[in-house]
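> Here is how the chains run, residue by residue.
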Amino acid sequence: MKIAVCLKRVPDMDVKFKIAPSGKSVDETGLKFDMSDFDGYAVEAAIQITEKLNAGEVTVISLGGDVVQETLRKAMSMGAHRAVQLKYDGTSVDSYAVATALAAELKDGGYDLVMFGRMSIDTAHGATGAIVAELLGLPCVTAISKLEFDGRTAKMRRELEGAYELVECALPAVVTIDEGIARPRYPSLKGIMAAKKKPLDVKPAQLPAERLSLDAMALPPERAAGKIIGEGPDAVPELVRLLKEEAKVL
Amino acid sequence: MSNILAFAETRGGELRRAGLEAVAAARVIADAKGGQVHAVLFGTAGISKHAAALGAHGADVVFVVEHAGFTHNNPEAVSATLADKVKGGYAGVVLAASATGKDVAPRVAAKLGVPMASDVTSLTVSGNGITCTHPGYTGKVIQTVTLTANPAVVSVRPGAFLPKENAKAGAVETLAPSGDPSASRVKVTETAAGNTAKLDLGEAPVIISGGRGLKEAANFKLVEDLAAAFGNAAVGATRAVTDDGWRPHSDQIGQTGRLVSPDLYVACGISGAIQHLAGMRTSKTIVAINKDKDAPIFKIADYGIVGDVLTILPVLTEAVKKAKA
Ligand SMILES: Cc1cc2nc3c(=O)[nH]c(=O)nc-3n(C[C@H](O)[C@H](O)[C@H](O)COP(=O)(O)OP(=O)(O)OC[C@H]3O[C@@H](n4cnc5c(N)ncnc54)[C@H](O)[C@@H]3O)c2cc1C
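Residue numbers (my numbering), protein chains in the order written: chain A, 1 to 250; chain B, 1 to 325.
Treat the hints as calculated values from the structure; they're not laboratory data. Here the structure is a predicted model, which is why all the values come from computation and not from measurement. Beta carbons: idealized from backbone N, C-alpha and C, even for Gly. Careful, some of the hints might be misleading.
Output of the computed footprint for chain A on chain B, the stretches with three or more beta carbons under 8 Å from beta carbons of chain A [unchecked claim]:
hint	region
1	56 to 69
2	97 to 104
3	117 to 123
4	139 to 153
5	177 to 190
6	285 to 298
7	309 to 323
The calculated EDC-like cross-link candidates involving lysine to aspartate or glutamate, where the alpha carbons are at most 16 Å apart (straight line), are [said to hold, decoys possible]:
hint	chain 1	residue 1	chain 2	residue 2
8	B	Lys164	B	Asp31
9	B	Lys85	B	Glu173
10	B	Lys322	A	Glu238
11	B	Lys299	A	Glu222
12	B	Lys140	A	Glu105
13	A	Lys244	B	Glu318
14	B	Lys291	B	Asp308
15	B	Lys284	A	Glu246
16	B	Lys140	A	Asp14
17	A	Lys2	A	Glu51
18	B	Lys140	A	Asp27
19	A	Lys155	B	Glu190
Here are a few chain A residues that face chain B, going by a calculated C-beta distance under 7 Å [unchecked claim]:
hint	residue
20	Phe17
21	Leu31
22	Tyr96
23	Pro139
24	Gly162
25	Glu179
26	Leu214
27	Ala218
28	Glu222
Generate coordinates for the entire structure from the input sequences, incorporating the hints supplied.
Okay, here's the thing in structure tokens:
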């Protein structure tokens, strides 16, 4: 099975962000970067499929400046076989524009399965995978937490709020990956060494004009410091009073 | 054209609050542009019974698409029908940023060849387009984006646009689906309930969430009892708990789970890891119960009780029952 996984390099989220002077991006000084959470699950799931079948190939693809090579190498150190950097030095928040560039690369790749994370955790629109599927004319199933194959049919579980669906579609297909499918492995030293020799192609990316403009980024208002109202069951009456009288939720 | 289309989401033949929220958000745009809101309701025979509720919540016209192919979610047929309808002359289409809405929205955008904004928390209309705010970076950064393309595709965050009743009744018309809904390549073979709670996380004004502090799966009964005492509450969980299989994955709240903004969030035996906070920090009021007075959850909780969740929850449940009685 020939699998492509599209992934995005994003900042590590465990920090307090600062907004850059432009007001339109976060200040990247001192931030660490890695692949977006859901993309990590997709990479792991793809590698596990080829391991289980003992056949096939995983190509990881990322759009961005040369810094994304580091993220692509990480995916290869986990076990992806090859990588493509779609070189683009700007930043884009327009999922449609990014999807157009990715679809152009994926179109003639002969992939049986194209995988995405269900959303990137920075811009968080969660749209790229499904748009790529439309542009390629392929069936698409989003936010799946399980994936199995019955010949050329993919059988999936899709998470809804408080419920789930069992979904089927024929390959080739595009899927977006939710948590729960596979926990990304840590690259082994052997994997890291092997990744250095794996092919990483660099190709120029073509993005159409953006029709979604990013006007501003801001930090959300701080929550006022809360208070500990007491200890143990004895504090319950006071909590109920506050929920009734102050918060008005009871 | 300044009319807006709204996707009236249903599940299992029932209209979801998500559908009414899409109408409420569509109203914001339509009112600013001096246009109408037209809702599209998909389902099997009889789904038209929900048209009245949509009309009563702000839809000027409700288009009903009845077909056996809409027994389960059918994103291919839904998105094709919505996109074709929009092409007939609409300034935009609004969906809820639910699992279903987030699946359909990008397909519609792609069919129309326009960009889209997801998970939108506020909307304004200006000369050059529709400006939306939307939380990114796990909720730590609010991004403001403007959609300058026409039509615009927007999905709105659950809880951000509240359904409002109006006195008018909407007109009801039937609409034929685009293509054959039974021929979609993506087939949902089953829709199953993931948990026993009556209300889901996206809809409930109150969420009672449990973490590893509950010690074992069976103790989630205490969380469910408190939710039942509120009556309008859903049950959530941390990743530690869903990983251990105590609760279904779909109950997980956080960076890699659901993003929720209820009026009240009660965190029971939850440490308050940054990835958990990412999913619930926008809740209006937060209560934390934890035996460790230094647990990070207390930093963002409005009200905290230090102590054993297993002994506090039954007392709180009784007190809430009494307050509600
Ligand atoms: C990439 C990534 C993504 C993640 N995504 C998510 C996510 O989406 N959602 C999420 O929740 N987590 C997520 N996590 C995991 C997160 O980091 C924490 O591990 C998790 O939230 C901890 O869950 P917990 O609070 O239930 O458990 P713990 O951290 O084990 O905390 C249990 C708490 O219960 C208290 N306690 C124990 N006994 C009692 C008692 N008897 N009475 C009262 N209090 C008691 C303890 O003091 C402690 O504070 C993610 C992690 C990573 C690395």
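> Decide, hint by hint, whether the structure agrees.
A quick look at each hint next to the structure:
Proximity of the region 56 to 69 of chain B to chain A, defined as three or more residues with a beta carbon under 8 Å from a beta carbon of that chain, is not established by the 0 residues found. A count of 5 residues in the region 97 to 104 of chain B with a Cβ less than 8 Å from any Cβ of chain A is obtained; the coverage claim is therefore met, three being the minimum. Requiring three or more residues with a Cβ within less than 8 Å of a Cβ of chain A, the coverage given for the region 117 to 123 of chain B holds, as 3 such residues are present. Three residues within the 8 Å Cβ limit are the bar, and the region 139 to 153 of chain B against chain A gives 11, so the coverage statement holds.
Only residues whose beta carbon comes within less than 8 Å of a beta carbon in chain A count, and the region 177 to 190 of chain B has 6; three or more means the coverage holds. As drawn, the region 285 to 298 of chain B meets chain A at 6 residues by the rule of a beta-carbon pair under 8 Å; at three or more, the given contact holds. Counting residues of the region 309 to 323 of chain B whose C-beta sits closer than 8 Å to any C-beta of chain A gives 7, which meets the bar of three, so the coverage hint holds. Proposed proximity of B:Lys164 and B:Asp31 is supported: the alpha carbons are some 14 Å apart, at most 16 Å.
Taken as a hint, the B:Lys85 and B:Glu173 pair is honoured in the structure, with Cα atoms around 13 Å apart against an allowance of 16 Å. The straight-line distance between the Cα atoms of B:Lys322 and A:Glu238 is roughly 14 Å, inside the 16 Å bound, and the hint therefore holds. The suggested pairing of B:Lys299 with A:Glu222 holds, with an alpha-carbon distance near 11 Å, which does not exceed 16 Å. Our distance criterion of 16 Å between C-alpha atoms is broken by B:Lys140 and A:Glu105, whose separation comes to about 33 Å.
A distance of roughly 15 Å separates the Cα atoms of A:Lys244 and B:Glu318; the hinted pair therefore holds under the 16 Å criterion. Under the criterion of a C-alpha separation no larger than 16 Å, the hint pairing B:Lys291 with B:Asp308 is consistent with the structure, at around 5 Å. Between B:Lys284 and A:Glu246 the CA atoms are separated by roughly 12 Å; this keeps the pair inside 16 Å, and the hint holds. Taking the CA atoms of B:Lys140 and A:Asp14, the gap is about 10 Å. The hint holds against a cut of 16 Å.
Distance hint between A:Lys2 and A:Glu51 is fulfilled; the C-alpha atoms sit about 12 Å from each other, no more than 16 Å. Taking the CA atoms of B:Lys140 and A:Asp27, the gap is about 13 Å. The hint holds against a cut of 16 Å. At most 16 Å may separate the alpha-carbon atoms for a hinted pair to count; A:Lys155 and B:Glu190 meet this at roughly 12 Å. The closest approach between the C-beta of A:Phe17 and any C-beta of chain B is roughly 5 Å, which is under the 7 Å cut-off, so the hint is satisfied.
Interface hint at A:Leu31: violated, since its Cβ lies 11 Å from the closest Cβ of chain B, which is beyond the 7 Å cut-off. Annotation: interface hint on A:Tyr96 holds; nearest CB of chain B at approximately 4 Å, less than 7 Å. With a cut of 7 Å, the hint placing A:Pro139 at the interface with chain B holds, because the nearest CB-to-CB distance is about 4 Å. Interface restraint check for A:Gly162: the shortest CB-CB distance to chain B comes to about 3 Å, inside 7 Å, so the restraint holds.
With 7 Å as the threshold, the beta carbon of A:Glu179 comes within range of chain B, its nearest partner Cβ sitting at about 4 Å, so the hint holds. Look at A:Leu214: its Cβ gets to within about 6 Å of chain B, closer than 7 Å, so that hint holds up. A distance limit of 7 Å between C-beta atoms decides the matter here; for A:Ala218 the minimum to chain B is near 5 Å, and the interface restraint holds. Residue-level restraint check for A:Glu222 is violated (minimum Cβ-Cβ distance to chain B is 10 Å; threshold 7 Å).
When each numbered hint is compared with the structure, violations occur for hints 1, 12, 21, 28.
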